[in-house]
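**Student:** These are the residues of each chain, in order.
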Amino acid sequence: MPQYQNVFKDEAKLDINYVPKRLPHRDRELRLLMEFFDFMLHFPGKMSQRVLIVGEVGTGKTALSQRFGVDMTREAGNRGTNLHYIHVNCREYHGSFFLILQHAVTVFHPNFPKRGYSAEELLTFLMQILDEENAYAILTLDEFDSLVLTEGSDAVYQLTRSQEVRQNKPQRLSLVCILRDMSAIGQLDASTRSTLQSNIINLAKYSKQQLIDILNERVIIAFKPLAVPEETIDTIAELAYSENGNARFGIELLWRAGKYANAENFDIVSAESVRKAISSIVPATKKSDLAYLNLHEKLFLLGLARLFKDGHKAHVSLAEAEQIYMVACEEFNTEPHSHTQLWKYLHTLSGAGIVKTEVSAAGPRGRTTLVYLPRIPAADLEKELWALLQWKGA
Amino acid sequence: MDVEDIFSSRVRMKILKVLAQMGELNVSDITRRLGVNYQTTARHLDVLEAEDILQHKKFGRIRLYRLNERSPKARAIQTLLDAWKESGVKSGRQS
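Each protein sequence line maps, in turn, to chains A and B.
Residue numbers for the first sequence follow our numbering, beginning at 1 and rising by one.
Residue numbers for the second sequence follow our numbering, beginning at 1 and rising by one.
Hints may be right or wrong, so weigh each one.
[What the hints assert, rightly or not] Using 30 angstroms as the maximum straight-line C-alpha spacing, the simulated DSSO-like pairs for lysine-lysine come out as follows:
#1 A:LYS46 with A:LYS169
#2 A:LYS169 with B:LYS58
#3 B:LYS57 with B:LYS14
#4 A:LYS309 with A:LYS208
#5 A:LYS13 with A:LYS205
#6 A:LYS46 with B:LYS57
#7 A:LYS13 with A:LYS259
#8 B:LYS57 with A:LYS114
#9 A:LYS21 with A:LYS205
#10 B:LYS85 with B:LYS57
#11 A:LYS224 with A:LYS309
#12 A:LYS259 with A:LYS356
#13 B:LYS57 with A:LYS169
#14 A:LYS356 with A:LYS383
#15 B:LYS58 with A:LYS114
#16 A:LYS46 with B:LYS58
#17 A:LYS356 with A:LYS344
#18 A:LYS224 with A:LYS259
#19 A:LYS114 with B:LYS17
#20 B:LYS85 with A:LYS114
#21 A:LYS114 with B:LYS14
If you are wondering where the hints come from, they were derived from the structure by calculation, not from laboratory data.
Just so you know, these numbers come straight off a predicted model, no measurement behind them.
With these hints in hand, go ahead and build the complete structure from the sequences.
**Tutor:** Quick look at the structure:
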């Protein structure tokens, strides 16, 4: 049997459900979350807590809460406290209060019957179980907006007030609510809102450098040494940053690019593998977009496609692009346009989403414009442009 | 009740088998799995609970039955059923 290359060491480390041991750039938020629940380690039962984690898609909300859950449960276990961290994605249960509580109860009784009781009874059963087992639970409601949208204030009110009706009994149920923005909270009635809004952890969008750090951590544990060059990580970080700083998008793209590299039997994940991977998940530039470009825009883009085609480059300088554009002009017997004109072409291509530009940090020779080809496989682009230019010339 | 009285009932043996396999079930679920009527299941569950082999937890109208982990009889039955299942797998038989 032929030997195939495999760039992965452990691709499960790129799975959406993997909880990394370290969360780069979220240490402060993790410490704050631990601080909010510190009472559970020192005097469990004396109080309960409600925390909101708010942030856009891919800002690490789920990873943060799950890391917290693992750390908190272990720490509580070391101190002899029977603490359960229960993570429920509300959207997965169509925002149904009944199904969310049923999930919580099945953590303790996996074969709990599926019907024959109400959501209110389920909440009572959950508290009964916690009392009987002398246990405490942190119930994390991920995509909390879904619950608010489906059930409104009543369900949330019951959850947040479930302790108050249990006078002289230990406080056993705490809540972590995860949501993208605060608009869902605005839909709750005033009394429910007031029970939730005291502890809010806001997760800011990741910067490109932070995304590079996150990707690097995953590369170390998921890929074989030297399988993912710096340029590839840079390209993925750039793409994830343009997707609103979405780390999850970046990690999924990293995995997919690895799959494309394996399929082509490469021993490294090149920037070209990333372009192929992204064109498979987001619609690539349509052929019609290329057809509308003028001759020199096409020639300039053809040159860029050729520069990126070797697969290793994440970006090229404008000077390099200009050089190869001149070669393409000679090939098609046309006089090259001026540097200023090329600037305009670059602007057009960037506006159409075909290329991305970035100004590099000041070096010994000043700042340089860097050109990225983030979304389209360079080989496909070259082929397409070549066909269009030939047709034009015919 | 003597051991032969406990083991002589096909329904009781099936209840023990299903609980040894599933861990914990309510009366309706056991009834459905056994294909007998509710009253029959309830009656045999009472017998097994009276012998300390089973225990139940009550949540409102729901009763969840399981083998009584603290009972030496229940532990012996679990061992017996596991061994039976294991030898069935080895010989290619369904237990």
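**Student:** Against this structure, judge whether each hint is valid.
**Tutor:** Status of each hint after checking the structure:
About 9 angstroms separates the Cα atoms of LYS46 of chain A and LYS169 of chain A, which keeps this hinted pair within 30 angstroms; it holds. This hinted pair checks out: LYS169 of chain A and LYS58 of chain B have alpha carbons roughly 20 angstroms apart, not beyond 30 angstroms. Proposed proximity of LYS57 of chain B and LYS14 of chain B is supported: the alpha carbons are some 20 angstroms apart, at most 30 angstroms. Restraint check for LYS309 of chain A and LYS208 of chain A: satisfied, since their Cα atoms lie roughly 24 angstroms apart, inside the 30 angstroms limit.
Under the criterion of a C-alpha separation no larger than 30 angstroms, the hint pairing LYS13 of chain A with LYS205 of chain A is consistent with the structure, at around 22 angstroms. Pair hint LYS46 of chain A plus LYS57 of chain B holds up; C-alpha atoms about 27 angstroms apart against a cutoff of 30 angstroms. Proximity of LYS13 of chain A to LYS259 of chain A is assessed by CA-CA distance (about 14 angstroms); at most 30 angstroms being required, the pair is judged to hold. Only pairs whose Cα atoms come within 30 angstroms are accepted, and LYS57 of chain B paired with LYS114 of chain A is accepted, the gap being roughly 16 angstroms.
Under the criterion of a C-alpha separation no larger than 30 angstroms, the hint pairing LYS21 of chain A with LYS205 of chain A is consistent with the structure, at around 21 angstroms. Restraint check for LYS85 of chain B and LYS57 of chain B: satisfied, since their Cα atoms lie roughly 27 angstroms apart, inside the 30 angstroms limit. Distance restraint check for LYS224 of chain A and LYS309 of chain A: the Cα-Cα separation of roughly 24 angstroms lies within the 30 angstroms cut-off, and the hinted pair is therefore satisfied. Among the hinted pairs, LYS259 of chain A with LYS356 of chain A is consistent with the structure: their alpha-carbon atoms are about 25 angstroms apart, no more than 30 angstroms.
Distance check on the hinted pair: LYS57 of chain B and LYS169 of chain A sit about 21 angstroms apart at the alpha-carbon level, within 30 angstroms; holds. Simply put, LYS356 of chain A and LYS383 of chain A have alpha-carbon atoms about 20 angstroms apart, close enough for the 30 angstroms limit, and the pair holds. Note on LYS58 of chain B and LYS114 of chain A: the hinted pairing holds, with a Cα-Cα distance of about 15 angstroms set against a maximum of 30 angstroms. With a CA separation close to 27 angstroms, the supplied pair LYS46 of chain A and LYS58 of chain B stays within the 30 angstroms bound.
A threshold of 30 angstroms between alpha carbons decides the hint, and for LYS356 of chain A with LYS344 of chain A the separation of about 14 angstroms falls inside it, so the pair holds. The hinted pair formed by LYS224 of chain A and LYS259 of chain A meets the criterion: a straight-line CA distance of about 13 angstroms does not exceed 30 angstroms. Under the criterion of a C-alpha separation no larger than 30 angstroms, the hint pairing LYS114 of chain A with LYS17 of chain B is consistent with the structure, at around 22 angstroms. Straight-line distance between C-alpha atoms of LYS85 of chain B and LYS114 of chain A comes to about 28 angstroms, which keeps the hinted pair within the 30 angstroms bound.
Among the hinted pairs, LYS114 of chain A with LYS14 of chain B is consistent with the structure: their alpha-carbon atoms are about 22 angstroms apart, no more than 30 angstroms.
Consistency with the previously given hints is maintained throughout, with no hint failing.
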